[in-house]
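Chains A and B, in that order, give the protein sequences.
What the first sequence shows, in this note's numbering, is residues -12 to 451, in sequence order.
What the second sequence shows, in this note's numbering, is residues -12 to 451, in sequence order.
Treat the hints with care, as some may be off.
What the hints assert, rightly or not - When the alpha-carbon atoms are kept at most 20 Å apart in a straight line, the in silico SDA-like pairs for lysine to any residue are as follows:
{"#": "1", "chain 1": "A", "residue 1": "K282", "chain 2": "B", "residue 2": "K323"}
{"#": "2", "chain 1": "A", "residue 1": "K123", "chain 2": "A", "residue 2": "I150"}
{"#": "3", "chain 1": "B", "residue 1": "K323", "chain 2": "A", "residue 2": "I279"}
By construction, these hints were calculated from the structure, which means they are not laboratory data.
Number of protein chains: 2
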Amino acid sequence: MFGIILAGGSGSRLWPLSRELYPKQLLNIQNKESMLQETYRRVLDIIPVEKIVNVTNIKHAPNVKFQLSKLADNPVVISEPESKNTAPAIAMSVKYILDNYSGAKNEVVFVVPSDLKIKDTKNFVSSVKDAEKLAKKGYLVTFGVKPDYAETGYGYIKIGDEIDNGYKVKKFVEKPDSKTADKYSQKDGVYWNSGMFMFKPDVFMKELEKYVPAIYNIVNRFDFSKGDHIPFTDFENLPNISIDYALMEKSDNLAMTVLKSDWLDVGSWKSIYDVSKKNIDNNVKIGHVLDIDSKDSLIYSSSKLVATIGLENMIVVDTDDAVLVCDKNRVQDVKKVYETLKQQHDNTQMVHKTVYRPWGYYTVLAQGNGFLTKMIQVNPGQKLSVQSHNHRSEHWVVLSGMAKVVLEGKDLILSPGHSVDIEVKAIHSLQNPYEENLQIIEVQKGDILDEDDIIRYEDMYGRV
Amino acid sequence: MFGIILAGGSGSRLWPLSRELYPKQLLNIQNKESMLQETYRRVLDIIPVEKIVNVTNIKHAPNVKFQLSKLADNPVVISEPESKNTAPAIAMSVKYILDNYSGAKNEVVFVVPSDLKIKDTKNFVSSVKDAEKLAKKGYLVTFGVKPDYAETGYGYIKIGDEIDNGYKVKKFVEKPDSKTADKYSQKDGVYWNSGMFMFKPDVFMKELEKYVPAIYNIVNRFDFSKGDHIPFTDFENLPNISIDYALMEKSDNLAMTVLKSDWLDVGSWKSIYDVSKKNIDNNVKIGHVLDIDSKDSLIYSSSKLVATIGLENMIVVDTDDAVLVCDKNRVQDVKKVYETLKQQHDNTQMVHKTVYRPWGYYTVLAQGNGFLTKMIQVNPGQKLSVQSHNHRSEHWVVLSGMAKVVLEGKDLILSPGHSVDIEVKAIHSLQNPYEENLQIIEVQKGDILDEDDIIRYEDMYGRV
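Using the sequences plus the hints, can you model the full thing?
What follows is the structure, encoded as C-alpha cells:
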C-alpha cells in the first residue's frame, strides 16, 4: 500500500495561531507533536516511510521536511509551486507514485489529510484494511463517519447496496446548504465524508481522465521518475478544485466503508475547544491565563498574560503580534478576518512575529527607521546558508550556546556575550555545530532591510 | 485661592493600561493630554501655578513633574514616600501651604483629584466660586452631583438647610452597601460626593486635630518651609485612610454646593467606554482593530492587531505584555486581577514590558515626543557600563536601594528620593555595590532617543 499525506493546507480558520507561512498542520497546540507529525506517525504504522508521499506547498516544504525527519529518515516530500486545492495535489502525487515505483499499479493508494485527529489506532487500522479490499476491487473508496449535527462544511455520502466491508455509494454531495445538511444529518444511510480516500492508482487516473481532463492532461505530460517537477508555468494552468468536487461528486464508481475509529476534523477553534481537556467550568486554558468566573471558553496565550473576567462561550487567542476574541458560535468567520488581512496586505495574516526556518527560527523583536532586531535560534547541527547582503550590515551577539561564524573565510567561535560585526557585502555564515541550542540577537542596519536582500553561495537546505 | 491636585492614585481598575508604576492619571487614552494634565489645565484657569500643590507618590513624581512642566514652568510637586490614601496626602499638602505661603490662613484651598472628566469649564468655575463663599465662612465644602444610579463606590451627601449658594450637610455616607445606595440614589436631597473639596487651611487643621490626631500630630511636627519632607520612618506611621472616612463622615461642619458642570469619575473601563466616541454599532475602537459584527464593546489595542468577532458588551484591552478580556458588567473585578497579580509577584501588575540586561532589567513606562521614561533595576553587585550619550540627557531618581553614581569623575551616593541630572555627552555610570536591589526611575529627554546612542568606555560585561 502507498500513502499520500496532504500537507498543503492553509488553516485560515485557526488564525492567528496558523499563518499563511505556518499553517495549522505544522502547529502543536496542546501536544508535543504537530498534527502533521501525528498523521505521519499514524500512517507509518501501516506503510513504510519510502512509500509515503507527503505533498505540500513549496513555501511549507522546508518545515514539513524538518518536522517529518524527526520521525523517519528521508521522508518523501514533493511540492506544488502554488496552492491549488486537493485535486491537483493528489493527481500529482499519484503520478509520482506510478512513475517512481514499479508494480505500483497492483497496489492501492491511501490518501490522508494532515488535520484529522484520530486516537483509536486499532479501529483505524481495521477500517483501512476494509477499504483496501474494496479498493482492490476497483472502487474509489471513501471513509464514512456518522453525522453528529448539520455541518455544512463537509461532504455527505448516501449509501446504496452493501458490498464486502462497505457499501456502494448512491450519491456524494459536497458542502450542502444548511437545509440539505439538516435533512441528511438526520437520515439513516447518510454519512459524512471523513476526507480520507483509497484507490488503485490506475483506477484513479482513468476517472481523472474521464471527469477532469484539464488536470489529467497536464499531470500526465510529466515523468516524475526523472526528478521532474511541474514547473510553475504549467502548474498555474491547473484548475483550483478539491477532489470532492472534481471526482467524488461525479464518479459512479464510489464505495464507502464505515470509519470505525473516532475522528475529528480540526478545522476551527471550536474543534480545538471540543478535543481539549476542560476544567470544572468547561474552560480550556492554555498558557499564562488568569481567569475569574468564565465558562465554556477557550483561552490561549502564547506568551503574555491573558486575564479574562466573566466570559461565556468565547474564544480568546493571543499571539505575539495578533489577538483574536471571538464568540464560539462564530468561529467560521475567522476565515473572513484572514481573508480581509490578506486583501489589506497586512502580514499578520502571512507570518508570525516568529518565522520558522529549516535551521530554527527567528523573531522580529523590534524594527524602526534603518534598523531591525531579531532573536535567532539555530538548532543543534544546523547551519544558515553562506550568504551576503548588498544593503545591510549585521551585528550578532550570542545569548546562549556557541556560534561558529565564518566571516570572509575566517573562522570565529563566539560564546555568550560575544559579538561580531558583518559589514555590507561581507560573505558570512552562521552555524551551530554543537549540541545545545544557539540563540543570538541580530541587529540589522541599512537603508533597505528586506529578507530578499540575500545572495546565497551554499545552502544545506538546497535554497541556492 | 490655593489648589491641591491629588495625583497619587494607582488606578488598579484600569489595568492593564495602568500599572502600579504608571497609574491612570498619567495615561492619555484617547486624548492628547493625560487626565492629570487635563486636571492641571482646568485648575490653572482659576489658580496661578505657584499656588497649586501637586501631591503624588515618590514613584510617580518624575513623571508627574515631566507632564506638568509641559503646561507651566516650575510646577510644585511634593511626594509621599509611600501611598497612604487621601487623608495623609491632603494633610501634608495643607501643612505645606501653611508653611510656605504667608497669609495662606486667610485664603481657601481647593482639593481636586486627577481622575475626573469635566468638560463644561464655565459652570465648573461658577461652582468653584459658590464653594469659595461657603469655605470662607468656615465650612468644609463638598461638591454634590445628582446620582444617576445606585453606585456603591461613591460617597453620598444628604443635604439639610439651604445656605448661601449651597446647603448644610446633614449626613455624609462613604461607599454605602448596595441597599443603601439604592435608597439614596432615588431620594431627593441626596447627592454623590464628586471627590473635590474646599476649605480654609486652619479650619481643616482644626478638624484634623479633632478627628484624626494620628495624622495631625505627625504632619504638624514638620516645617515644610525648610524644605522638610516627611521621612519614610515617620510617614509609615500615618494611618492609611481616605479623607472621606477620616473627616467627612465625622465632621459636623460640612456644607455642599451643587456641581453645575458635567462630571465623570474615570474609575473603570466602563467609564472609559461611556465617555468615548462610539461608532454606529456602539463600539469604541482604539488602535489597530479589525472587527466583525460586535456591538456595545470597547476594543483597545496598544500596538498589535486585535481581531474581534461577534462580541457583545465586552471590554478588550491589549498591551505589550498583558491582555484583558472582560464582560462590561464585570469591570469592577479588574481590581481583583490586579490584586491577584500583586500577590503572585507577577510584575505585569507593576510595570509594562520588561527588558532584561546582564546587570538587571528595565521597563519602558512611557514614551512620547522627545521623552522616554524607564524603571531600571540594578541587581546587587552589578554596574552599568561607563557611558555617554550624544543626543539625550537623563534624569535619575532612586526609588529603593542605594545608587553609586560616577558623573564626570565625581562620586555620588544616592538614597531613595534623591536624584541626579546627566547632561548630554556627560560621562557617567550607575552602580549598585550594595546587597539590596536598586530601583530607579529614568527620564530621558532629547531629539533622538535610541538605545544605540551610547558610547561605552568600560563595561564589566564586555560590551565595549
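Hints not upheld, ascending by number | No numbers; nothing is violated.
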